[in-house]
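**Student:** Residues per chain, in single letters:
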Amino acid sequence: MYSFILRRLMIAIPTILILVVFSFVLMYAAPGGPFNSERPLPPEVMANIEAKYGLDQPFLMQIFNYVWGVVTQFDFGPSFQYTSRTVNDVIAQGFPVTLTYGFWSAVVALVFGVTLGVAAAIRHNTWLDYLAVGISIGAQALPNFVMAPILVLIFTLWLGLLPGGGWNGGQWQYVVMPVIALSTSYMASIARITRSSMLEVMNSNFIRTAQAKGLPMHRVILHHALKPALLPVISYLGPAFVGMITGSVVVDVFFSTGGIGQFFVNSAFNRDYAVIMGITILVGVLTILLNLLVDILYAWIDPKIRY
Amino acid sequence: MITKPGDVELIANAAGLAEVKGRSLWQDARRRFMRNKAAVAGMIVLVFIGLFAVFGGFLAQYPNDYVDFTLTGAGASNGVPSIETGHYFGVDPDGRDLYARTVQGTGISLMVGIVGAMVAVVVGTLYGATAGYVGGRTDGVMMRIVDILMSIPFMFVLILMLVIFGRSILMLFIGIGLISWLDMARIARGQTLTIKNKEFVEAAVATGVRPMTIILRHIVPNLLGIVIVYATLLVPNMIIFESFISFLGLGVQEPMTSLGALINSGAGQMNYGRLWMLAYPLFFFLITLFAFFFVGDGLRDALDPKDR
Chain A
12 MYSFILRRLM
22 IAIPTILILV
32 VFSFVLMYAA
42 PGGPFNSERP
52 LPPEVMANIE
62 AKYGLDQPFL
72 MQIFNYVWGV
82 VTQFDFGPSF
92 QYTSRTVNDV
102 IAQGFPVTLT
112 YGFWSAVVAL
122 VFGVTLGVAA
132 AIRHNTWLDY
142 LAVGISIGAQ
152 ALPNFVMAPI
162 LVLIFTLWLG
172 LLPGGGWNGG
182 QWQYVVMPVI
192 ALSTSYMASI
202 ARITRSSMLE
212 VMNSNFIRTA
222 QAKGLPMHRV
232 ILHHALKPAL
242 LPVISYLGPA
252 FVGMITGSVV
262 VDVFFSTGGI
272 GQFFVNSAFN
282 RDYAVIMGIT
292 ILVGVLTILL
302 NLLVDILYAW
312 IDPKIRY
Chain B
315 MITKPGDVEL
325 IANAAGLAEV
335 KGRSLWQDAR
345 RRFMRNKAAV
355 AGMIVLVFIG
365 LFAVFGGFLA
375 QYPNDYVDFT
385 LTGAGASNGV
395 PSIETGHYFG
405 VDPDGRDLYA
415 RTVQGTGISL
425 MVGIVGAMVA
435 VVVGTLYGAT
445 AGYVGGRTDG
455 VMMRIVDILM
465 SIPFMFVLIL
475 MLVIFGRSIL
485 MLFIGIGLIS
495 WLDMARIARG
505 QTLTIKNKEF
515 VEAAVATGVR
525 PMTIILRHIV
535 PNLLGIVIVY
545 ATLLVPNMII
555 FESFISFLGL
565 GVQEPMTSLG
575 ALINSGAGQM
585 NYGRLWMLAY
595 PLFFFLITLF
605 AFFFVGDGLR
615 DALDPKDR
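Read top to bottom, the protein sequences are chains A and B. Heads up: the first sequence is residues 12 to 318, going by our numbering. Heads up: the second sequence is residues 315 to 622, going by our numbering.
The set of hints was computed from the structure by calculation and includes no laboratory data. Treat the numbers as computed from the prediction; the structure is a model and nothing was measured. Wrong hints could be hidden among the right ones.
[To be verified] Over 10 Å on every C-beta distance to chain A, these chain B residues come out as not near it, computed from the model:
{"no.": "1", "residue": "Tyr380"}
{"no.": "2", "residue": "Gly449"}
{"no.": "3", "residue": "Asp461"}
{"no.": "4", "residue": "Phe487"}
{"no.": "5", "residue": "Thr527"}
{"no.": "6", "residue": "Leu592"}
[To be verified] Negatives, chain A to chain B, calculated, CB over 12 Å:
{"no.": "7", "residue": "Met12"}
{"no.": "8", "residue": "Glu55"}
{"no.": "9", "residue": "Val231"}
[Unchecked claim] Distance windows between CB atoms, simulated:
{"no.": "10", "chain 1": "A", "residue 1": "Val82", "chain 2": "B", "residue 2": "Trp340", "range": "53 to 61 Å"}
{"no.": "11", "chain 1": "A", "residue 1": "Thr83", "chain 2": "B", "residue 2": "Val519", "range": "48 to 56 Å"}
{"no.": "12", "chain 1": "B", "residue 1": "Lys351", "chain 2": "A", "residue 2": "Pro243", "range": "26 to 34 Å"}
{"no.": "13", "chain 1": "A", "residue 1": "Val32", "chain 2": "B", "residue 2": "Leu600", "range": "35 to 43 Å"}
Glycine residues also receive a C-beta, built at the ideal position from the N, C-alpha and C atoms.
Go ahead and model the full structure; you've got the sequences and the hints to work with.
**Tutor:** In structure tokens:
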């Protein structure tokens with residue numbers, strides 16, 4: 012087990028390094044620097060600015076400094092657009108917001124998805140099953156950027172129940188719609204995966220044995236069927252996390268929640284490379300770590316897997 | 315071993331059965347597909363959407379970048395959808411005909427989806443089949459590369475690339491081409507591992523066929539079923555992917571448009587009562603996705619014997 016974790020780490024670390032170097036090379040190859048404006052600056056001023064941001068040094072030195080700063084101090088350098096602020100400030104401001112609704116979206120998707128899937132499987136071929144399948148097919152075609160306008164149309168413009176955007180320190184009214192928009196399609200996928208694996212498990216011999224010895228239904232499901240049935244769901248969690256982090260960009264832009272996605276898109280329009288790179292690397296590291304966690308969880312739950 | 319009279323009859327019957335015309339795998343698959351009503355309906359819808367995207371432009375009364383200055387400005391009463399004015403789907407706040415733009419958006423979204431799926435089919439299948447067939451250390455390295463690429467949040471990297479190299483449709487295709495083949499490579503590899511130990515491959519090896527020819531002539535044709543299924547399911551995902559970027563305003567640029575960009579501008583006009591701007595693109599987006607999902611599901615039931 013430990014050697015498995017160690018080996019997975021051995022892959023994760025080079026992956027992160029490749030990501031950092033790749034984004035830096037991309038940025039370096041970009042035509043036009045971040046300080047090229049309509050009105051050219053005097054050469055002395057330009058030289059001063061370049062010295063401040065270390066842009067006058069040779070390429071290898073720049074990349075080494077950047078990677079060194081990221082690895083040793085988790086320092087992504089200064090922002091090119093918001094002068095006087097560092098990329099770390101931007102992340103510190105936006106990340107808690109993203110984390111809050113991201114966490115709730117994951118909880119909602121998992122709880123409702125698994126419940127729906129299990130309910131559909133144990134009431135196989137009844138109206139409940141058809142309803143669950145219908146919901147999960149419908150929700151699959153509703154990615155976050157489709158859900159968000161529809162939600163605002165219904166709950167803000169027609170019913171007037173919820174505010175159409177903003178964050179307001181994370182009051183629940185402001186969190187509801189981002190969470191629904193972000194979690195719907197993942198809930199649908201989790202429900203579908205749970206349903207099919209639960210159906211398979213419920214037809215296996217050990218469940219028949221459990222039922223034959225007269226265990227009550229809820230005990231059979233909770234103690235015997237659920238654990239093996241959830242294995243495919245766990246392996247889906249990795250891609251789901253990636254999707255949710257990506258989807259947070261849409262949520263931030265559409266609901267103006269002020270998470271990192273909003274800074275990311277703003278910086279994309281303003282060519283603030285430092286912020287874009289910082290956020291890309293942060294998200295990349297998060298994704299890789301979460302994938303690692305999912306793999307370890309999988310190996311821990313499923314004793315059949317030997318690495 | 316005494317043959318009873320009844321048995322003789324049975325054997326004769328069995329021999330007679332053998333003379334019945336055989337059905338190929340593909341014919342069987344087609345029959346199964348045709349029995350699935352949702353899939354057939356999806357197929358018909360797809361044909362109509364395709365016709366709409368290709369020939370819909372001929373019905374448009376205005377070109378998609380024509381600005382009707384009498385209808386500009388935000389206001390729910392201006393530029394409502396109507397047959398008389400020729401703006402079947404209404405106009406946007408810039409006075410552009412939404413029908414012509416929806417036709418173009420649908421076309422671009424479909425194109426993105428199909429290009430993504432084609433890259434996946436060609437690159438992913440060959441990559442996966444090669445890795446699976448060669449095996450050993452080559453397989454390990456090739457699949458580790460796929461693992462590494464898969465654990466990178468590609469949307470962010472693609473946006474970074476769009477910012478650096480300029481936003482263009484070519485960049486978008488490159489980005490989509492970069493990621494779409496990864497899943498396909500894994501699926502093709504897994505399938506190849508089960509195929510490569512079959513007798514017909516052994517026979518090919520024994521008669522001295524070169525490895526590359528074996529992959530192309532003997533492995534890939536046997537992967538086709540599963541490849542078609544996943545390619546069909548990949549198309550809607552690629553459409554969602556492109557629409558996501560266009561929704562953020564980073565994808566297809568004006569005057570070109572895609573369904574994602576149209577949904578975004580429609581969502582921005584909800585407050586002013588121009589609901590048609592959201593409704594029409596959203597409608598085409600949703601029916602396209604549904605049609606692909608149903609066709610993909612139908613194909614899976616028909617071609618992938620594992621899931622039956």
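**Student:** Hint by hint, say whether it matches the structure.
**Tutor:** Structure-based check of each hint:
Once the 10 Å rule is applied to beta carbons, B:Tyr380 is consistent with being away from chain A; the minimum gap is 26 Å. At roughly 19 Å from the closest C-beta of chain A, the C-beta of B:Gly449 stays outside 10 Å, upholding its exclusion from the interface. Interface exclusion of B:Asp461 from chain A breaks down, the closest Cβ pair being 7 Å apart, not more than 10 Å. Residue-level check passed: B:Phe487 sits 18 Å from the nearest beta carbon of chain A, beyond 10 Å.
For B:Thr527, the condition that its CB be more than 10 Å from all CB atoms of chain A holds, with the nearest at approximately 34 Å. Residue placement check: B:Leu592 does not keep its beta carbon more than 10 Å from all beta carbons of chain A (closest about 6 Å). Non-interface call for A:Met12 relative to chain B: holds, since the shortest CB-CB distance, roughly 20 Å, exceeds 12 Å. The non-interface label for A:Glu55 is consistent with chain B: the shortest C-beta to C-beta separation is roughly 28 Å, beyond 12 Å.
No beta-carbon of chain B is positioned within 12 Å of the beta-carbon of A:Val231; the least distance is around 25 Å. At roughly 55 Å, the beta-carbon separation of A:Val82 and B:Trp340 lies within the given 53 to 61 Å, and the hint holds. A beta carbon spacing of about 53 Å between A:Thr83 and B:Val519 agrees with the range 48 to 56 Å that was offered as a hint. Between B:Lys351 and A:Pro243, the C-beta spacing of about 28 Å keeps the proposed range 26 to 34 Å intact.
The hint said 35 to 43 Å for the Cβ distance between A:Val32 and B:Leu600, and at roughly 41 Å that hint holds.
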